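Asks: Here is what each chain is made of, one letter per residue.
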Amino acid sequence: MKNAQILVIEDEQDIRDLISFQLKSEGHTVLAVESADKAVSIIERGEKIDLFIIDWMLPGSMNGLDFTKKLKNHKMYKDLPVIMITALTQADNIVAGLDAGADDYITKPFDLNVLQARVRVQLRGNSVAKTADSDLLDFGLLKIETTKCRVFIQDSEITLTSTEFKILLLLAQKPGHVYTREQFINNIQGDNIFVTGRTIDTHIAGLRKKLGEAANMIETIRGIGYRFKDAI
Amino acid sequence: MPFENKYPWFFFYRIAKLSFLVFIPTLFLILFFYRSSYKDGLISQMTVQVEENLRTTQATLVKGNLGWKDWCETVHPEGTHYSIIDKSGTILCDTNPELKGKKVDDIKEVQEALTATFYSQVKKSVYFNTQSLFASLKISDELVLRKVVPITSLKNDMNRFDRVIFLRIVPFAAISYLLFLFLFYQATLPIGGILSKVEQFQIDIPFGKNLQLLYKKDEWSRIHEALNEADHQLKTQIINVRNENEKIATILKSIRDDIIAIDTYETVLFYNSNFKMNFMKEKGYKEIMPKLWHSFSDETVLAAFRSVLKYGQIAELKGLTFCSSLNPEKFFDLTITPLKNSVGDITGALGVFYDVTEFKLTEQMRVDFVANVSHEIRTPLTSIKGYSQLLGAQKTKVDPELHTFLEKILTNTERMISLFNDLLNLSVIESKNIMKFEDLDIEEIIQSISQNIKTNYPDKKIQIAEDIQLKTIKGDQRLIEQVLSNLVDNACKYSGHDIEVVISTYSQGNRGFIAVADNGPGIPKEHIQRIFERFYRVDSSRETSRGTGLGLSIVKHIIAKHGGKIWAESEEDSGTKFVIELPLS
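One line per chain: the protein sequences are W and A, in this order.
The opening position of the first sequence corresponds to residue 1 in our numbering, with each subsequent residue numbered one higher.
The opening position of the second sequence corresponds to residue 1 in our numbering, with each subsequent residue numbered one higher.
Hints were generated in silico from the structure; no laboratory data involved.
Source: prediction; values computed, not measured.
Note that CB positions come from ideal geometry on N, CA and C, so glycine has one too.
A couple of the hints might just be wrong.
What follows is a set of in silico ranges between Cβ atoms, one per label pair, in the way DEER data are often shown [unchecked claim]:
| no. | chain 1 | residue 1 | chain 2 | residue 2 | range |
| --- | --- | --- | --- | --- | --- |
| 1 | W | Q189 | A | D439 | 16 to 26 Å |
| 2 | W | H74 | A | M435 | 46 to 56 Å |
| 3 | A | L419 | W | S162 | 46 to 56 Å |
| 4 | A | S431 | W | E182 | 35 to 45 Å |
| 5 | W | S127 | A | G392 | 51 to 61 Å |
| 6 | W | T146 | A | G312 | 51 to 61 Å |
| 7 | W | K209 | A | Y506 | 22 to 32 Å |
| 8 | W | T146 | A | K454 | 46 to 56 Å |
| 9 | W | Q189 | A | D263 | 43 to 53 Å |
| 10 | W | E182 | A | I314 | 47 to 57 Å |
Covered by chain A, according to a simulated footprint, are these stretches of chain W (three or more residues, beta-carbon under 8 Å) [stated by the list, open to error]:
| no. | stretch |
| --- | --- |
| 11 | 149 to 158 |
| 12 | 166 to 173 |
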């Protein structure tokens with residue numbers, strides 16, 4: 001997506017300017033504020049936003065996590081991508097942020113190239129894979145027929161268990177979104193399927209084996225979860 | 001068996017002797033007096049008869065108007081003789097003519113008779129040459145009629161009497177004496193028990209003197225001595241116990257931790273003053289209350305105590321909090337140990353509360369500090385890195401000479417960031433007390449690592465081979481992943497372009513092993529010992545020193561936290577193999 005409207009919340013001016021400069025140089029429009037309260041006023045104005053980049057540790061009564069939760073409860077903004085910027089590298093904090101609604105995260109000090117790539121992925125969504133056929137996701141090497149539950153690697157079909165398919169579909173529908181184990185569990189349950197955090201890892205290991213060359217499309221984020229890369 | 005119920009024989013003999021000495025004389029005395037009475041009775045009986053006889057004779061004489069002289073001469077009684085005696089004692093006439101004219105031996109016979117009308121006595125009769133009854137009756141103022149009768153029949157009666165005694169009474173007495181002895185024996189049998197106890201006592205508690213020798217014949221003294229000694233021992237033990245209790249109380253007082261002990265009925269056995277201070281005062285009790293639940297309302301604590309009382313296993317509770325108006329929030333770790341007697345039965349439980357408030361607060365401060373520092377340092381680093389990158393993107397606007405300067409800024413910024421991350425990591429690992437131990441699938445871990453490593457080194461060809469004989473190990477997932485990731489990263493970092501890493505796992509006994517081997521340049525012998533030190537470099541002169549120097553230190557710490565070991569096997573130019581040893585349970 002070119003020229004997206006991106007809302008950046010970051011209390012450190014230098015970093016705020018850094019991010020704004022970078023994003024602008026990519027052709028986007030940037031709304032940069034230093035607190036969640038200021039961001040709330042923008043939201044309440046009903047501004048069109050395509051992506052949120054939120055620093056987790058914010059001054060004032062509302063921090064990044066609170067703001068993200070607010071977004072997820074807002075009719076207009078709840079489906080929009082959120083990238084969390086965090087100085088806290090402990091896995092627990094990151095998992096908490098992802099479970100609160102962030103799609104991806106980036107730790108300070110970050111690499112601008114990495115930021116650029118993540119932004120791109122989030123803005124792209126699954127537009128690349130979407131085809132005219134509403135239930136076919138085409139990632140080139142990997143094709144998924146969503147309603148018929150069929151998966152093809154280089155056009156030859158592979159057999160997945162129902163859990164493996166659900167996991168793959170979940171990942172593929174939101175490329176770039178970091179799924180925590182908790183999110184897997186919440187989305188996979190039901191219909192005689194019972195999973196725990198450990199079994200998710202086992203399922204993904206099995207799924208990867210079956211995906212063969214496309215295995216690398218599932219990226220492991222150590223200690224956090226998994227992410228789908230629609231381009232290897 | 002020396003300690004079969006001993007019987008106090010010496011005591012028995014003494015009593016037997018004593019009773020014999022008392023019994024026999026008494027018996028004899030009784031028999032003697034009885035015999036005398038009997039004899040006297042017989043004699044009086046005879047005396048009455050003789051007196052009757054004399055009076056009859058007198059009456060006959062008076063009636064028949066026969067002169068006594070004539071009667072005297074004509075009468076010839078058998079077995080007796082009559083005499084007429086005048087008041088001077090002369091026998092005027094006797095049925096035994098030889099005695100006529102003679103004087104009587106004892107004038108009293110006559111005098112008494114004349115005074116009291118009748119008199120009798122028993123003495124030896126010269127005539128009959130045997131004991132005889134001499135009976136005198138006054139027949140006139142001057143005359144006495146005397147009859148002398150030998151008492152042989154009496155003798156016969158007495159003989160008969162004596163025979164009865166010997167044949168009947170004496171055996172009877174003997175039997176009843178024996179019966180008495182037997183009953184006495186029965187009655188004194190329990191003393192045997194006491195004596196056995198005394199002997200046992202001497203074995204159990206050494207006296208220092210052998211009572212058997214000291215009081216060979218005196219059983220009662222033996223018993224008395226034993227009791228004395230027991231009393232003395234008991235008093236000594238009581239003093240000892242009191243002293244020991246004093247010691248314990250002093251020790252308990254001086255221990256800083258709070259201690260409470262309960263028995264199997266949850267009654268408080270003892271506690272120390274710290275416990276009283278922390279747990280009692282806050283409840284407003286002045287003294288310790290008898291039951292455990294008086295002190296605690298916390299269900300977890302009560303349940304833990306009860307579990308220890310029931311199963312006899314040590315229980316540990318960490319991070320308990322007790323809030324009250326007197327004590328602002330304090331944290332305790334609690335260890336409950338079962339109390340057992342010498343046979344192993346559970347007799348109670350001992351709870352020790354360790355005040356970890358300070359520790360926890362310090363820990364909390366450290367965590368907060370780390371978080372703050374982390375945040376504070378990352379912020380300027382972000383700016384430096386970010387703006388350097390922006391400059392780099394605008395290279396064309398800058399003099400080419402200055403490009404290298406820019407490169408250096410970027411490289412060193414990266415280095416600083418890595419270093420900072422590693423230091424933080426190490427600090428967290430060192431302080432992290434609680435690790436989540438799970439069963440980890442090694443193949444899964446390797447799979448995820450291989451993925452990541454290839455993205456880190458896009459220019460190198462990396463092949464990771466597996467030889468998995470041990471499929472699962474117990475450990476903290478994130479930390480173990482970090483270990484393997486670091487080791488594989490090391491293997492790739494220092495090797496050339498064609499990298500082969502072999503990860504193998506196996507078990508020996510109750511230890512599990514993970515080996516990471518590469519085909520890189522190897523480590524010279526003199527450095528192998530030191531590679532796990534912080535910031536140690538094999539070749540410190542290398543211009544492009546890679547990494548922070550903390551990677552292996554972090555790995556070593558993590559493995560140590562798992563209770564394992566790690567070491568390196570390597571030769572220069574023939575690759576390196578890191579071996580990790582971990583406990584399997």
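Asks: Are the hints correct? Go through all of them and say.
Replies: Evaluated hints:
1. W/Q189 x A/D439: 16 to 26 Å: For W/Q189 and A/D439 the Cβ distance comes to about 23 Å; the hint holds.
2. W/H74 x A/M435: 46 to 56 Å: Roughly 40 Å apart at Cβ, these two residues miss the hinted range, so it is violated.
3. A/L419 x W/S162: 46 to 56 Å: Holds - the Cβ-Cβ distance for A/L419 and W/S162, about 47 Å, lies within 46 to 56 Å.
4. A/S431 x W/E182: 35 to 45 Å: Because 26 Å falls outside the window, the suggested range is violated.
5. W/S127 x A/G392: 51 to 61 Å: Distance hint for W/S127, A/G392 is violated at roughly 31 Å.
6. W/T146 x A/G312: 51 to 61 Å: holds (60 Å)
7. W/K209 x A/Y506: 22 to 32 Å: holds (23 Å)
8. W/T146 x A/K454: 46 to 56 Å: violated (30 Å)
9. W/Q189 x A/D263: 43 to 53 Å: holds (50 Å)
10. W/E182 x A/I314: 47 to 57 Å: violated (35 Å)
11. 149 to 158: violated (count 0)
12. 166 to 173: Violated - the stretch 166 to 173 of chain W has 0 residues with a Cβ nearer than 8 Å to chain A, which falls short of three.
Consistency with the previously given hints fails for numbers 2, 4, 5, 8, 10, 11, 12, ordered from lowest to highest.
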